[in-house]
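Use the sequences and the hints to build the structure in full.
First to last, the protein sequences are chains S and P. Under numbering that gives the first Met the number 0, the residues of the first sequence are numbered 0 to 138, in order. Under numbering that gives the first Met the number 0, the residues of the second sequence are numbered 0 to 158, in order.
Think of the hints as simulated: they come from the structure by calculation, not from any bench. Mixed in with the good hints, there may be bad ones.
What the hints assert, rightly or not - Calculated cross-link-like contacts (lysine to aspartate or glutamate; reagent style DMTMM-like; alpha-carbon spacing at most 20 Å):
1. 150/P to 114/S
2. 149/P to 3/S
3. 88/S to 112/P
4. 133/P to 43/S
5. 154/P to 135/P
6. 60/P to 3/S
7. 150/P to 93/S
8. 149/P to 60/S
9. 76/P to 47/P
10. 150/P to 50/S
11. 60/P to 4/S
12. 111/P to 114/S
13. 88/S to 135/P
14. 102/S to 135/P
15. 132/P to 4/S
16. 117/P to 93/S
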Amino acid sequence: MALEEKYKALIDAAHTAGVANLAVREQDGVLYIDGDAPSGAVKDQLWSIYDQIDPNYTSGDLILNVNAKAEAGSKVRVATQETALNIRKGPGTDQPIVGKAQKDEIITLISQANDQWSSVRTDDGTEGYAYSQYLEPVA
Amino acid sequence: MKKVLAMIAIAAFAFALPSCKGKSDADIKTEVDAKLATNPDFAQLSSDVKDGAVTISGTVKDDATKTAVDPAVKEVKGVKSVVNNASVPPPPPPPTINPDDLLNTAIKDAIKDHAGVKAEVKDGVVTLTGEIKKADLATLMQKVNAIHPKKVEQKLTVK
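So this is what it looks like as structure tokens:
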């Protein structure tokens, strides 16, 4: 329960921001927070609060896995920091690159391949797999 | 005319009857709801009253809170009995922790865009070493947290 107290501001913010399927539980000295954020902005806000409570995330006592998941078939924004997003033949960075999507480009999410990779299609018709952490639902 | 008067008298009597016996169900409900509103733990509860018998429904966070509902409601005058149908939601499922072979594959993808960052996986614990710019740290940590590790040891030098 002690960790829930430490990260109370974060948990409260997740409730307030409308994070769906929010699950908070402690196991072996680590607090696990999972849920589906309504937007990429909410996710960034939670990570900013995490950084305030535990600067640079060095304590190793929280796994924060709240992601802004888009529905299959919906449009998503490429949320890379600067560079273009690689679209690959298969789900893995060892797979050949079949195309690129520019930062802030809007592409279509076809399905979630696994925890990390999504099957996507760009407006010019390139299909392949992209790293899900760089895809944000379009509000 | 007499008939009409008689009917008015009966109606008036019938109307006045509940107040002779005490508070109406509606009055009790108002007071019960006000009582529930004084405790934030009872925020998700609602009441229904029939002949002084109160039925509570909704959700509370735990069994102790549920037990506390009955005495609080019984403090309201006119409440004859309490049926506590409040439910306690089941605990969340335990966290998913991926086995090391899956984490080893996933961590490569997660740190790929971050030159200067090294990662090691052992018994579910991901240890990050090397160096990173502060501006990139949250992005890296988001990716590493999403692969379902048991724990993340962040030992990076943050520039």
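Cross-check of the supplied hints:
1. A threshold of 20 Å between alpha carbons decides the hint, and for residue 150/P with residue 114/S the separation of about 17 Å falls inside it, so the pair holds.
2. A distance of roughly 17 Å separates the Cα atoms of residue 149/P and residue 3/S; the hinted pair therefore holds under the 20 Å criterion.
3. Using a Cα cut-off of 20 Å, the hinted pair residue 88/S and residue 112/P holds, with the two alpha carbons roughly 18 Å apart.
4. For the suggested pair residue 133/P and residue 43/S, the alpha carbons sit about 14 Å apart, so the restraint of at most 20 Å is met.
5. Proposed proximity of residue 154/P and residue 135/P is supported: the alpha carbons are some 15 Å apart, at most 20 Å.
6. Between residue 60/P and residue 3/S the CA atoms are separated by roughly 15 Å; this keeps the pair inside 20 Å, and the hint holds.
7. About 25 Å separates the Cα atoms of residue 150/P and residue 93/S, which puts this hinted pair outside 20 Å; it is violated.
8. In summary, the hint linking residue 149/P to residue 60/S is supported, as the alpha carbons are separated by about 10 Å, within the 20 Å threshold.
9. At most 20 Å may separate the alpha-carbon atoms for a hinted pair to count; residue 76/P and residue 47/P meet this at roughly 15 Å.
10. Annotation: proposed proximity of residue 150/P to residue 50/S holds, straight-line Cα distance about 17 Å (limit 20 Å).
11. Between residue 60/P and residue 4/S the CA atoms are separated by roughly 16 Å; this keeps the pair inside 20 Å, and the hint holds.
12. Among the hinted pairs, residue 111/P with residue 114/S is consistent with the structure: their alpha-carbon atoms are about 16 Å apart, no more than 20 Å.
13. The straight-line distance between the Cα atoms of residue 88/S and residue 135/P is roughly 26 Å, outside the 20 Å bound, and the hint therefore fails.
14. For the hint pairing residue 102/S with residue 135/P, the CA-to-CA distance comes to about 16 Å; that is within 20 Å, so the pair holds.
15. A hinted pair counts as satisfied when its Cα atoms are at most 20 Å apart, and residue 132/P with residue 4/S does not qualify at roughly 30 Å.
16. For the given pair, residue 117/P sits about 17 Å from residue 93/S by alpha-carbon distance, which is consistent with the 20 Å threshold.
Of the numbered hints stated above, those contradicted by the structure are hints 7, 13, 15, listed in ascending order.
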